[in-house]
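Asks: Spelled out, the chains give:
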Amino acid sequence: MSRNAIQWHQKPGFPDTHYVDTSIYTSEELFREEQVKVFGKCWIIACHESELPNAFDYRTFQHPAGVPLIVVRGEDMKVRAFYNICPHRGNTLLYDPVGNAKRITCIFHAWSFDTKGSCTDISRGKEGYQERFKCEDAGLREVKASIGYGGFVWVNTDDESGSLQEYIGDALGMLEEHMNMPLEVFHYHKAVVDTNYKLWHDTNSEFYHDYMHYFNRITGMLQPGYFDRKYTGYPNGHASVGSMSVRYDKYEGSKNRSVGWPGLAPGGWILIDIFPGMTYNLRTSVLRMDTAIPLGPNKVVIEFRGLGLKSDTPAERAERIRDHNTIWGPFGRNLHEDLLGVHGQGIAMREGTDSKWVIHGREENMTIHDEGGMRHFYAEWSRRMGRKAYDPFGTNPGASPAPAKKLATA
Amino acid sequence: MIPKQSIDELIYRSCMRLDAKDFSGFLELCDPAFRYSVTAFSPEIRKEMIWLEHDKAGLKLLFDNLPRHNSDHSPITRHVTVYTVEREGDAGNARVVSGLQVFKTALDGGETTLFAVGKLYDTVKLDGGTPLLVDRNVRLDTRMLGIGYHIPF
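As you go down the protein sequences, you meet chains A and B in turn.
Numbering of the first sequence is given in our numbering, commencing with residue 1 and proceeding in unit increments.
Numbering of the second sequence is given in our numbering, commencing with residue 1001 and proceeding in unit increments.
These aren't lab readings, by the way, just hints derived from the structure by calculation.
Glycine included, each C-beta is placed from N, C-alpha and C at the ideal position.
One or more hints might be untrue.
[What the hints assert, rightly or not] Below, computed lysine-lysine pairings styled on DSS-like, alpha-carbon distance capped at 27 Å:
1) Lys1004(B) x Lys1021(B)
2) Lys102(A) x Lys134(A)
3) Lys1060(B) x Lys1104(B)
4) Lys11(A) x Lys41(A)
5) Lys299(A) x Lys1104(B)
6) Lys134(A) x Lys78(A)
7) Lys41(A) x Lys190(A)
8) Lys190(A) x Lys1104(B)
9) Lys41(A) x Lys116(A)
10) Lys190(A) x Lys1119(B)
11) Lys1056(B) x Lys1104(B)
12) Lys310(A) x Lys1060(B)
13) Lys190(A) x Lys1047(B)
14) Lys250(A) x Lys1021(B)
15) Lys388(A) x Lys37(A)
16) Lys356(A) x Lys37(A)
17) Lys388(A) x Lys299(A)
18) Lys1047(B) x Lys78(A)
19) Lys1104(B) x Lys1119(B)
20) Lys250(A) x Lys1056(B)
21) Lys1060(B) x Lys250(A)
22) Lys310(A) x Lys78(A)
23) Lys126(A) x Lys116(A)
24) Lys11(A) x Lys356(A)
25) Lys1047(B) x Lys102(A)
26) Lys250(A) x Lys41(A)
27) Lys41(A) x Lys310(A)
28) Lys1119(B) x Lys1004(B)
29) Lys144(A) x Lys134(A)
30) Lys78(A) x Lys144(A)
[Unchecked claim] Restraint-style ranges between C-beta atoms, simulated for each label pair:
31) Glu1048(B) x Arg350(A): 35 to 41 Å
32) Arg362(A) x Asp1055(B): 25 to 31 Å
33) Ser1024(B) x Arg383(A): 52 to 58 Å
34) Asp1031(B) x Glu177(A): 44 to 50 Å
35) Pro1043(B) x Lys126(A): 35 to 41 Å
36) Gly74(A) x Arg1139(B): 32 to 38 Å
37) Ile147(A) x Ala1020(B): 46 to 52 Å
38) Phe1041(B) x Arg362(A): 42 to 48 Å
39) His88(A) x Arg1139(B): 38 to 44 Å
40) Arg350(A) x Met1001(B): 56 to 62 Å
Turn these sequences into a full structure, and let the hints steer you where they fit.
Replies: Following this line, the structure appears as structure tokens:
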């Protein structure tokens, strides 16, 4: 039976933890607040260490809190991160996404900085500033940087934040043995999608949408063990999904796989979501990393990386690339479907469409089609934002019908 | 000798058939040894990337599986200009370089937007009576393809 306007807006008959108000995906006000309270406080992956192999290599990164960053490997081989903003007239210091610079020199007025962020030269400094302003006053703004968990370069713009290790905790324990060797990025592309970043992370946090993927239905959902995979929640909003044996041989054209991944059982699949928008996805012979960088409430750029082992032979690397492209490349079978899904959500949830609720109500003992992974995310989101995901503006009065079950935590 | 016009028309026809989703018709233009790839260079990771790579059988499988997948059904149009045709001495092949632009037209309203630019690097077999594609490398300059696409360019 269809519903009228009143019924459409009525709160779903679930505990408050089991649905969200769609304004959390559309509100400009909430997006600006997320930049400060979520992205400005969390550790975020900026790049991978293999993208900075040599001293003075740099990489630029548009941090989701809004600040443009430079990630650079110093002469001492330490990786540091700075605002990509000249302290003089606010110009961009490094324009290219990647390069090698012994000195970072602003093209505007030629102020120079070293890879430790110290200002090394102010053009005609004494003539213009006399003794009133010196290089010591003009260092770059440094932000915390740390390498870890598969060799990724993490940054945190909050000077008061805890360590990366404190932030991750045990969340990546399932992957530790699979990432204790040097890795290398072999695939990188970005996608800009008119949708909210949380919807992309949601897609990475629930497997019920395997109905959308012919590949996953045929190789996973229809195979033994699929429904035994379980979600585990960790502090700070991270969550993992246990492995299963994916039957790649069931998809025509995807039969011959031999390289695999160290320690991962054939057909194994481990997925770990890191709050607020990063996902480790290890299956077949490839580790995929998604990094969601919101550009607005209804626009996100997603960085996709595919990684193999640094020690790969050319033949091994070629097979990893083939495995990656089958489902995850820009022409891959699954990635396009996932992006199509969140693109559709972005259309349906635009401001003014009268979308109201998104339901996270499935309970299946935290197994694969349970929506506890998303509930775990929104519990953390609500804690950091100081707002209820089901009622972010306090405009949805009404009692909850039942107390919420908590996600089992490790 | 197979005239240049026949080589040009092979390139153009291959794109027209893909535009029309006439996949079997496209494969008829390909030699049994046909290889297809989409590649791009990533300045971000300073690496050559392969985004798709298939032999003729693999490409046929990809086409055959398309109806089983959920896809963006917006049609695309490949605009190609053959730049150069270089015949290879005794090999009976020609190397063809073409400019490529791919446009996407929305089903709802029919708005057309530029989807991708790049080049086609084709090898054409000339030693039969009819020119056939033996290798196609779609070399993309565009690396941001939005939500992506299931049908090769």
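Asks: Against this structure, judge whether each hint is valid.
Replies: Here is how each hint holds up against the structure:
no., hint, in the structure
1, Lys1004(B) x Lys1021(B), "26 Å, holds"
2, Lys102(A) x Lys134(A), "21 Å, holds"
3, Lys1060(B) x Lys1104(B), "23 Å, holds"
4, Lys11(A) x Lys41(A), "31 Å, violated"
5, Lys299(A) x Lys1104(B), "20 Å, holds"
6, Lys134(A) x Lys78(A), "26 Å, holds"
7, Lys41(A) x Lys190(A), "24 Å, holds"
8, Lys190(A) x Lys1104(B), "19 Å, holds"
9, Lys41(A) x Lys116(A), "23 Å, holds"
10, Lys190(A) x Lys1119(B), "21 Å, holds"
11, Lys1056(B) x Lys1104(B), "25 Å, holds"
12, Lys310(A) x Lys1060(B), "33 Å, violated"
13, Lys190(A) x Lys1047(B), "15 Å, holds"
14, Lys250(A) x Lys1021(B), "26 Å, holds"
15, Lys388(A) x Lys37(A), "14 Å, holds"
16, Lys356(A) x Lys37(A), "24 Å, holds"
17, Lys388(A) x Lys299(A), "22 Å, holds"
18, Lys1047(B) x Lys78(A), "23 Å, holds"
19, Lys1104(B) x Lys1119(B), "17 Å, holds"
20, Lys250(A) x Lys1056(B), "21 Å, holds"
21, Lys1060(B) x Lys250(A), "17 Å, holds"
22, Lys310(A) x Lys78(A), "20 Å, holds"
23, Lys126(A) x Lys116(A), "23 Å, holds"
24, Lys11(A) x Lys356(A), "9 Å, holds"
25, Lys1047(B) x Lys102(A), "22 Å, holds"
26, Lys250(A) x Lys41(A), "44 Å, violated"
27, Lys41(A) x Lys310(A), "32 Å, violated"
28, Lys1119(B) x Lys1004(B), "19 Å, holds"
29, Lys144(A) x Lys134(A), "25 Å, holds"
30, Lys78(A) x Lys144(A), "12 Å, holds"
31, Glu1048(B) x Arg350(A): 35 to 41 Å, "38 Å, holds"
32, Arg362(A) x Asp1055(B): 25 to 31 Å, "42 Å, violated"
33, Ser1024(B) x Arg383(A): 52 to 58 Å, "56 Å, holds"
34, Asp1031(B) x Glu177(A): 44 to 50 Å, "46 Å, holds"
35, Pro1043(B) x Lys126(A): 35 to 41 Å, "39 Å, holds"
36, Gly74(A) x Arg1139(B): 32 to 38 Å, "36 Å, holds"
37, Ile147(A) x Ala1020(B): 46 to 52 Å, "50 Å, holds"
38, Phe1041(B) x Arg362(A): 42 to 48 Å, "43 Å, holds"
39, His88(A) x Arg1139(B): 38 to 44 Å, "41 Å, holds"
40, Arg350(A) x Met1001(B): 56 to 62 Å, "59 Å, holds"
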